[in-house]
Amino acid sequence: MEAAAQQAGVLSQASREVSDTSRQAAESLTELRVAITDISSSTSRASSVAEEAVRDAQAVDERIAALQQASESITEMVRLISAISQQSRFLALNAFVEAARAGEVGRGFAVVADEVKQLATRTAQAAEDIGQQIAAVQSETRQAVSAIQRITGTLGSIAEAQDAIAAAVEQQRAAADRVVDNVDRAASGSARITEAVAQLADSQRLVYVRRALALAQDLLEEAGGLSLGSGQVTLTVRDQATAAQSTVQLPELLLGGAPLARVDDPRRPAPLVDDVVAQVGGTCTLFQRLDDAGSMVRVATTVVTPAGTRNTGTSIARTNADGSANPVLAAVLAGNTYTGPATVAGKPYFTAYTGVHAPSGELVGMLYVGLPVS
Numbered sequence: 029m030e031a032a033a034q035q036a037g038v039l040s041q042a043s044r045e046v047s048d049t050s051r052q053a054a055e056s057l058t059e060l061r062v063a064i065t066d067i068s069s070s071t072s073r074a075s076s077v078a079e080e081a082v083r084d085a086q087a088v089d090e091r092i093a094a095l096q097q098a099s100e101s102i103t104e105m106v107r108l109i110s111a112i113s114q115q116s117r118f119l120a121l122n123a124f125v126e127a128a129r130a131g132e133v134g135r136g137f138a139v140v141a142d143e144v145k146q147l148a149t150r151t152a153q154a155a156e157d158i159g160q161q162i163a164a165v166q167s168e169t170r171q172a173v174s175a176i177q178r179i180t181g182t183l184g185s186i187a188e189a190q191d192a193i194a195a196a197v198e199q200q201r202a203a204a205d206r207v208v209d210n211v212d213r214a215a216s217g218s219a220r221i222t223e224a225v226a227q228l229a230d231s232q233r234l235v236y237v238r239r240a241l242a243l244a245q246d247l248l249e250e251a252g253g254l255s256l257g258s259g260q261v262t263l264t265v266r267d268q269a270t271a272a273q274s275t276v277q278l279p280e281l282l283l284g285g286a287p288l289a290r291v292d293d294p295r296r297p298a299p300l301v302d303d304v305v306a307q308v309g310g311t312c313t314l315f316q317r318l319d320d321a322g323s324m325v326r327v328a329t330t331v332v333t334p335a336g337t338r339n340t341g342t343s344i345a346r347t348n349a350d351g352s353a354n355p356v357l358a359a360v361l362a363g364n365t366y367t368g369p370a371t372v373a374g375k376p377y378f379t380a381y382t383g384v385h386a387p388s389g390e391l392v393g394m395l396y397v398g399l400p401v402s
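Numbering-wise (our numbering), the sequence shown opens with residue 29 and increments by one.
Hints were generated in silico from the structure; no laboratory data involved.
Quantities reported herein were computed from a predicted structural model and do not represent experimental measurements.
There's no promise every hint is true.
[Stated by the list, open to error] Using C-beta positions, here's what the derived DEER-type ranges look like: (1) Arg296 to Thr264: 30 to 38 Å; (2) Arg206 to Pro376: 38 to 46 Å; (3) Arg346 to Asp205: 56 to 64 Å; (4) Ala349 to Ser402: 23 to 31 Å; (5) Ala164 to Thr65: 49 to 57 Å; (6) Asp267 to Ala63: 50 to 58 Å; (7) Leu391 to Ser258: 14 to 22 Å.
Note that beta-carbon positions come from the ideal geometry of N, C-alpha and C, so glycine has one too.
Please build the complete structure, drawing on both the sequences and the hints.
Following this line, the structure appears as structure tokens:
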């Protein structure tokens, strides 16, 4: 019976750990999903920027192409000007020859022909200079066109890569969403399992403490029950909540009509409590009423302190250190049995407490059984 309750407690603890792990995994995956969403947004923005850069580069390429066409048109015009200048020089030369033949009469015409020749020469030289400048512009334009085309190709590759990355990130985000959903469902299921296992563990513990308490009551009755003798005993009592110590005088507690011996050494047998634990396991304590308020002191117990002695002489006050009523004593003093969690020797236990009455009906103490809770 004790083993089943203990195993249920271990299973409950394991289920809580699984539930906590699932919850932590769900939180981590949620953070991953947020990070992937951020990456997806950044990648989408980068892809948009790359596409815009490609469009800008294409627009620049188109403008440079138009500039190249314009420069070619200018080149054709320069060629035409050069041809006209050449023809003007030929005409001026012919006019100069004819003026020379005319003698004195053609002298003025010769002067005009010479000026036309000089103007044609300067025009041809200017056209040649313009042609050289246009050729240089065309060379630079061709290089710019080539560079822009390379940039456009590179940006196109970047845009394609960004699109591929965005698609991959979107796939990862969708996968992360599915994983998060699955882990959320697993965490929810684990939480329900943990709750069910905890309820099972509490049920097992409750069954155990009820049976153990019933056995303790039967053994106490078989031993002759508790009563108060006419003598007095002096006890050193330590409050388990405040650790305050005091010396008190109490009526002698009788078990089956014989004085109850106090045993602090766990190697020596203690009456009643050791018999209970020998049959059902767990822990067992016998209390004596300490005062009219209903405080109780341990007079026999199987609970061992860190110092290696039985936890006898420690008391439970009617009220806690914060002034609230102690739920265990509140139930026992009201004539009820308390079952549930309680602190025993500074550690959590699942417990059952019930009052013990003398043949006269007076409440003289209480019985405790319990299991440690992980």
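Against the structure, the hints:
1. Arg296 to Thr264: 30 to 38 Å: 19 Å, violated
2. Arg206 to Pro376: 38 to 46 Å: Distance hint for arginine 206, proline 376 holds at roughly 40 Å.
3. Arg346 to Asp205: 56 to 64 Å: 58 Å, holds
4. Ala349 to Ser402: 23 to 31 Å: 26 Å, holds
5. Ala164 to Thr65: 49 to 57 Å: 53 Å, holds
6. Asp267 to Ala63: 50 to 58 Å: For aspartate 267 and alanine 63 the Cβ distance comes to about 55 Å; the hint holds.
7. Leu391 to Ser258: 14 to 22 Å: 19 Å, holds
Checked against the numbered hints given earlier, this structure breaks only hint 1.
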